[in-house]
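S.K.: As a plain string of letters, each chain reads:
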Amino acid sequence: SQTIHQWPATLVQPVGSPLSLECTVEGTSNPNLYWYRQAAGRGLQLLFYSVGIGQISSEVPQNLSASRPQDRQFILSSKKLLLSDSGFYLCALKDGYYGYTFGSGTRLTVV
Amino acid sequence: DAKTTQPPSMDCAEGRAANLPCNHSTISGNEYVYWYRQIHSQGPQYIIHGLKNNETNEMASLIITEDRKSSTLILPHATLRDTAVYYCIAWARFRNRDDKIIFGKGTRLHILP
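Residue numbers (my numbering), protein chains in the order written: chain A, 1 to 111; chain B, 1 to 113.
So here's chain B without its partners, still in its complex pose (with noise of 0.2 Å):
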């Protein structure tokens, strides 16, 4: 799996959109985008994943550069239950039966009263 980087931290202010994002030069064609976040003492929680077009759900947005080679997670209007670990991840879901995700350290987003 492609390489991500995520900056370790980021701070927002609550009711502002959060934008989080996340480096994956070296993604392949069958490389998809996942984001999830970690909620402290839970388990990550998927949030969104994407291959090539833009993608929105009721938790977040996602944009992904024409190249790829990018990613920003939006969350619209962020609120303090918004405060967690996010994770990105960039994975090729079927390309084996025995694949697994290593996760990094993701980007620590604290909302900010």
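Excised from the complex, chain A in its bound form (with noise of 0.2 Å):
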């Protein structure tokens, strides 16, 4: 069965620092990857997406930036974090049964 892997489960940050979240899968090959972004009371944002190794699409411009160096490794990043990057960040696999399988999130606090 198909498994995804995020870590960590929190994160603080100071404003300026670099982020580098990582998102691994198994039990598939080939996944279409996600990065979805919840801020604090609100939806799902959709950030990137990824349909195989080197690339990515992006849904909103910002300061996140997304990689796939690896088949099951989906990798979000920032040179410099802002405030207004706090949230939840979830990675999703999709499946051909199940839709979307997701993450268990990483809550990442900008201080």
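If you're looking for bench data, these hints aren't it; they were derived computationally from the structure. Be aware that a few hints might be false.
[Stated by the list, open to error] Now the stretches of chain A that chain B is said to cover, found in silico as 3 or more residues with beta-carbon under 8 Å: (1) 10-22; (2) 41-47; (3) 83-96.
[Said to hold, decoys possible] To spell it out: a stretch of chain B is covered by chain A in this simulated footprint if at least three of its residues, at any positions, have a beta carbon under 8 Å from a beta carbon of chain A; those stretches are: (4) 41-52; (5) 99-112.
All residues carry an ideal CB built from backbone N, CA and C; glycine is no exception.
Reconstruct the complex from the two isolated chains, following the hints.
M.R.: Written out as structure tokens, the structure reads:
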């Protein structure tokens, strides 16, 4: 079965510091992968998606970037965090039956 | 993907059936209706999906109207653990390799003790 791993679960970072969130998947090959963000009290916002190694599509212009260096690895990064980058970050995998399978998420607080 | 409309919030007494409506009047023939729920501080969790027929699994039942313009998710015996935000999505599963799910605001379901 397909599984998706995200870490860390929580992160507190100062403004201006860099960010790297990692998502890895198991049990599938060449998956579609997605990064979503959920600000406090808000809905799920699609940030990036990837259909393959090195292929990244950005949904909204922002202070973040994504990379897919390996088939089962998806990374969300920032060079300098802003307060507005705080939120709950979720990685998702497209599944032919369940639609999407989500990771457990990373709660990022920028201070 | 077809736009879906859901009430922003609903209450249900513990032990009673929770009936969550979803309107998807512009759904196309190849789009499935998917339901997910998000418990606080967790990732969304798949509940059920269907195309035309009613569906039931261990978590819930999905009733889709004959014209497919609306559906209802039924949690038969709601418990406090069912308190969550419920998302209804209309999605063509196999349309494009690069298709993506856009989530609306969902329905915040409160189970009352």
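S.K.: Output the indices of the hints that this structure fails to meet, ascending.
M.R.: 1
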